[in-house]
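J.: If you read the protein sequences in the order shown, they are chains A and B. Sequential numbering from 26 applies to the first sequence in the working numbering. Sequential numbering from 0 applies to the second sequence in the working numbering.
Hint data in this document are derived by calculation from the structure and do not stem from the laboratory. By construction, the Cβ of each residue, glycine as well, lies at the ideal position given by its N, Cα and C atoms. Treat the hints loosely; a few may be bogus.
Said to hold, decoys possible - Computed, partial: chain B to chain A, Cβ under 10 Å:
| # | residue |
| --- | --- |
| 1 | 17 |
| 2 | 59 |
| 3 | 227 |
Below are the chains, spelled out letter by letter.
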Amino acid sequence: MSFDLPRTRESVQGDAIEPGRAYGFFTDTTLCIGCKACEVACKEWNQLPAEQEAMSGMSYDNTRELSATTWRHVAFVEQMDGAAGNADPRWLMMSDVCKHCDPAPCLEACPTGAIFRTEFDSVVVQQDVCNGCGYCVPACPFGVVDVDEVDGKAHKCTLCYDRLKGGREPACAQVCPTDSIQFGPLDELIDRAHERTRALHDRGETDAYLYGVPDSPGATGGIEKLNAFFLLCDRPEIYNLPAAPTLPSRRIAPAFGASLAAFAGLAIAAAALLGGGRR
Amino acid sequence: MTRQDRHTLRDWRGETYYGQQALKYPHWDWKVSGYIAVAGTAGAAQALATLGSLRDPEGLRAARRGARLMALAGSTAGAAMLIADLKTPQRFHNMLRILRPTSPMSFGTYIFGAFGGASLFSAFAEGPAVGRRHLLRWLGKAAQLVSGFSGAGVATYTAALVSATSNPYWAAAPRSLGGQFAGVAVAMGAAALALWERLGGRDATARRFEKVAAIATLAHVGASTAVNKRLKECGVSQPIEHSKPQRRLKASSLIIAGAAPLVGYALSAALGGRAGRNAAMAGSCAALAGGMLMRHGLLEAGKAAREQPESGFALAQPMKGDDDGH
């Protein structure tokens, strides 16, 4: 590649970012302190406009949700009354992001080929191809991708595709002060995440589990894994995540098949009736 | 390890994240529900007329002509609505860059394209220029066959278009929804042709199409009941139950698309004569209007589901949402 960007990850960590290898995020919510540096770094690097109009009243979360112009979102869950069955009050924080699913429902739904899988196994919307049909929006089981009303194109996290090409890790991961957001090769990340879960269990945090690694909640219904996966400490719904998302394309055959069968049945009846008694 | 993780997960007690939406909802508006209704009607009409012409070419000559014109009008209007609904409409041709079997939006474009092309040809073959030129008339018949087949596809693929999403209201009952879409499309196509025949003074053939419309209406009502039952089972009926306009839209579309045509056709058979003729035409108009309302109600209900994030979470519980349960 002819990029002359400093390959910081290689020079600092001795760990080059290579095309052809699967990369992703491991977001360890037990380390998140809710500083929102990831949100700011993402907006800055990707030059995304601010969109906040008012206080939400939802703890410290005034961002509310991921959108076409917000690609990192820190959720704040206050469990102060032990309602979730915990003796001690606790404060859950999670930096949410596009899951870069494998296979990806948005990519499967995209009729123009604008959404594609990159050489880093991330899922990116090509802005010069998208025609704003909006089908990826209801396809996404996590409510991530959205069409921007201003430019009429679909937008979401690109896993900092431009930075990866230049050998730098995504802006949110680089800025995260507690390493709650970890970027790296997926196989290494998954091993590290399992290790971390075991360590937490040993320390008595037995609620900890992984969301989105193969054979876990989040990686269900035909979605084999989420390239951006999470370590959570309560039900996925608490963090606004579905427990068992499904691949929408699985429903094409039953819906289209049943519809064609019903149509054929009615057509047979119609053929009998439309003959008008002629033999 | 991971198996154990799943076991330690406590049961979901209906919690949400401050009631925030967990899914994004489509930006589609009346143009998409209008497309589904208009293209479905045109496709079904062309399929019915093709079938009818095979059984009774002489008696249904006028109906075939009507269906060819409806197919042309429907595919033109449908294409216009689809393009107008894009947020970057000048790039509509990007739909033709790829063919993707996992995307009903993609393969549906090709089904609809085939229908539009064949319909254009079949309508052209009805023109005066064709006259006695056998080759052109033969080509017109071939185009009608292609148009009839692809018309059936246009009337039905839209069930997959809405089912193959993560919207709980659309995704919970793919099979029953498929039956519902086929039923309402055939009812609307037959009603449109029945109206065409009535307006042309061909009451005998109109009655045949009215019978088809009545049967399809029954199928539509049956499938709609199955959809509602399945939604309840999955716990995703809230957007309808909680919103008054939604409830009204749904009730009125079921009455107009279901009860009104059946009553109209029954009255027509009982009364006969001029009054019977009017009752039948009113029934056909109700089938068309009710079908449009039903398509629009489905779109709006899907958008309204955003107010109830628990609907999406309920469908996305393990062992649910994967299957229709039939």
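J.: All hints, please: hold or fail.
T.: Here's how the hints hold up against the structure:
Because the closest C-beta pair between residue 17/B and chain A is about 4 Å apart, less than 10 Å, the hint holds. Checking residue 59/B against chain A: minimum C-beta separation of about 7 Å stays under 10 Å; hint holds. Contact between residue 227/B and chain A, as hinted, is not supported at the beta carbon level, the nearest pair being about 16 Å apart and thus beyond 10 Å.
Of the numbered hints stated above, the single one contradicted by the structure is hint 3.
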